[in-house]
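Student: What follows is the residue order along each chain.
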Amino acid sequence: MMLFYFQRLVEILPFFFKGLWMTVVVSGISLALGTILGFLLGIIRASGNRFIKPVIGVYVALIRGTPFVVQIFIVFFILPDWGIQLAAFPAAILALTILGTAFICEIVAGGIKSVHSGQWEAAASSGLNRYQQLRYVILPQSLQTILPPLVGQYVLLIKDSSVVSVIGVVELTRVGWLTVVRIPEGLMVFSLVGILYFAISYPLIRLSNNMEKRLATQQVML
Amino acid sequence: MIQFKGVSKWFGKLHVLNDINLHVTPGEVVVICGPSGSGKSTLIRCINRLEKFQKGELFVDGMPLHDHATNLTRLRAEIGFVFQQFHLYPHMTALENVTLAPTHVRKMKRADAEAMAREKLARVGLSDKADAHPSQLSGGQQQRVAIARGLAMNPKIMLFDEPTSALDPEMIGEVLDVMVKLATEGMTMCVVTHEMGFARQVAHRVIFMDDGRLIESGSPADFFDNPRTDRAAQFISKILTH
Chain A
1 MMLFYFQRLV EILPFFFKGL WMTVVVSGIS LALGTILGFL LGIIRASGNR
51 FIKPVIGVYV ALIRGTPFVV QIFIVFFILP DWGIQLAAFP AAILALTILG
101 TAFICEIVAG GIKSVHSGQW EAAASSGLNR YQQLRYVILP QSLQTILPPL
151 VGQYVLLIKD SSVVSVIGVV ELTRVGWLTV VRIPEGLMVF SLVGILYFAI
201 SYPLIRLSNN MEKRLATQQV ML
Chain B
1 MIQFKGVSKW FGKLHVLNDI NLHVTPGEVV VICGPSGSGK STLIRCINRL
51 EKFQKGELFV DGMPLHDHAT NLTRLRAEIG FVFQQFHLYP HMTALENVTL
101 APTHVRKMKR ADAEAMAREK LARVGLSDKA DAHPSQLSGG QQQRVAIARG
151 LAMNPKIMLF DEPTSALDPE MIGEVLDVMV KLATEGMTMC VVTHEMGFAR
201 QVAHRVIFMD DGRLIESGSP ADFFDNPRTD RAAQFISKIL TH
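Just so you know, the protein sequences line up as chains A and B, in that order. Counting from 1, one number per residue, gives the positions in the first sequence under our numbering. Counting from 1, one number per residue, gives the positions in the second sequence under our numbering.
Rather than coming from a laboratory, the hints here were simulated on the basis of the structure. You may find that some hints are simply not true.
As the list claims (entries may be wrong) - Non-contacting residues of chain A with respect to chain B, defined by C-beta distances greater than 12 Å in every case (computed):
id, residue
1, V115
2, A124
3, R130
4, V137
5, L143
6, R214
To be verified - Derived pair list, reagent style SDA-like, types lysine to any residue, alpha-carbon separation capped at 25 Å:
id, chain 1, residue 1, chain 2, residue 2
7, A, K53, B, K156
8, B, K52, A, W120
9, B, K109, A, S201
10, B, K109, A, L139
11, B, K52, A, P140
12, B, K52, A, G168
13, B, K107, A, P140
14, B, K52, A, Q132
15, B, K52, A, K213
16, A, K113, B, L50
17, A, K213, B, T93
18, A, K53, B, A166
19, B, K238, B, Q85
20, B, K109, A, N129
21, B, K52, A, R130
22, A, K113, B, K238
23, A, K53, B, K107
24, A, K113, B, A166
25, B, K156, A, G48
26, B, K109, A, Q133
27, B, K52, A, Y59
28, B, K107, A, N129
29, B, K156, A, P140
30, B, K107, A, Q132
All values reported here derive from a predicted model rather than from experimental measurement. Virtual Cβ for every residue (Gly too), placed ideally from N, Cα, C.
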């Protein structure tokens, strides 16, 4: 019987690859948006306006302090009450971007704050304006601190994207659900789902570890 | 060139600068000394507005610093600042440290900026270190690169905040030599330092600060040999025995 189900599973393998592709697309778009917004907010949080800073702080705390599944329900089921009706796909992108932005913002702000304040002063003293100080002196240095945890965060967010299956986006986890109805071998089906997630996560984990090691040796050299 | 008129500054309740009046003329070399916490670093950091002050007036090269409309980047382009801890940009070579501001603030062409930077590095005796990163340089060399960086914009004023305090003793001389050369070439300089040899050799005036107040001002010979206040006499005897 197991062999029969295994053959069935192999037959519908393309369905899984479609799900995997959807996972890659949904997380790819939201990670790209989340990285841009996260850098913007992180820079403001670390160095900017004291009126906007607390607002960002509240946003980050709310997102970090609530489960993602609740956030996505709010986006998908509660926003329509206020007249904002989103299909599952854009709702998933929006919710994942909101989530990613919050975490990436914290990583970026932490990286910027790790640069010695003397670097800001030296850059300011030589006549660079605020943007130039950030662009040429502070960000290049903080990038070393930001990149390893940033890539690590990407892995977490890709895994979190499985939650968007609850609103009906047919990504990898959803494909698992749909399959297990017809092929009642839960372990087999979700092992396959797990392997496919691992196939995209593992290279990123390796990348993050390598960057961390490189950073450590650089710091020893300094 | 630099004129303090009744400048006061508070950190919370602490009165760090108390009614400072000081006039530095073009080409003058002023050494500022005093015990730690006396406000001397704060004083020179006010000159390029790394610190704000709450009361009084301060004019630098004709620009009123008490006026918030003053263009800070324009002001700072006219002033070189050398820090105790160097604060070189660690991700750039010595040459790039020097060319950064001229290329982005003055929009100087790359080739021109590099030629200028090599000339500045030669002035501080580091022509051969243009491509070295700060981590490959000794403390004394780093501080000399920092001076070259400070000179990059052809400033009218150079400020030094304890430039030799973080250096091993054998490296102090090479940095002081560069500063002496600058002073004799007629640069307007304010130097926070306890290096009495430097003060006696090139300073036109020594200022003594204590508890946020400017309490003595005179020629190096006068100040070191005949201090007028007990507080200054005490301080001098301490740095002499040290």
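Student: Verify the proposed pairing of B:K156 with A:G48, using a straight-line Cα cut of 25 Å.
Tutor: With Cα atoms ~31 Å apart, B:K156 and A:G48 exceed 25 Å; violated.
Student: Given the proposed pairing of A:K113 with B:A166, does the C-alpha separation stay at or below 25 Å?
Tutor: Distance ~24 Å between A:K113 and B:A166 Cα, so the pair holds.
Student: Please verify whether B:K52 and A:Q132 have alpha carbons no more than 25 Å apart.
Tutor: With Cα atoms ~21 Å apart, B:K52 and A:Q132 stay inside 25 Å; holds.
Student: Take a quick look at whether A:K113 and B:K238 sit within 25 Å of each other, Cα to Cα.
Tutor: The given pair, whose Cα atoms are some 39 Å apart, is violated under the 25 Å limit.
Student: In terms of Cβ atoms, is chain B entirely out of 12 Å range of A:L143?
Tutor: violated, 9 Å
Student: Quick one, are B:K238 and B:Q85 close enough, alpha carbons at most 25 Å?
Tutor: holds, 24 Å
Student: Does the structure keep A:K53 and B:A166 at a Cα separation of 25 Å or less?
Tutor: violated, 35 Å
Student: Are the Cα atoms of B:K109 and A:N129 separated by 25 Å or less?
Tutor: holds, 19 Å
Student: Are the Cα positions of A:K213 and B:T93 separated by 25 Å at most?
Tutor: Holds: A:K213 and B:T93 sit about 23 Å apart, inside 25 Å.
Student: Run the distance test for A:K53 versus B:K156: straight-line Cα separation, threshold 25 Å.
Tutor: Since the Cα atoms of A:K53 and B:K156 sit roughly 38 Å apart, the hinted pair is violated (cutoff 25 Å).
Student: Mind verifying the non-interface call on A:R214? Its CB should be farther than 12 Å from each CB in chain B.
Tutor: holds, 14 Å
Student: With the threshold set at 25 Å, check whether the alpha-carbon distance from A:K53 to B:K107 stays at or below it.
Tutor: Judged against 25 Å, a Cα distance of about 33 Å means the pair is violated.
Violated hints, in rising order: 1, 2, 3, 4, 5, 7, 9, 11, 12, 15, 18, 22, 23, 25, 27 and 29; the structure is consistent with all others.
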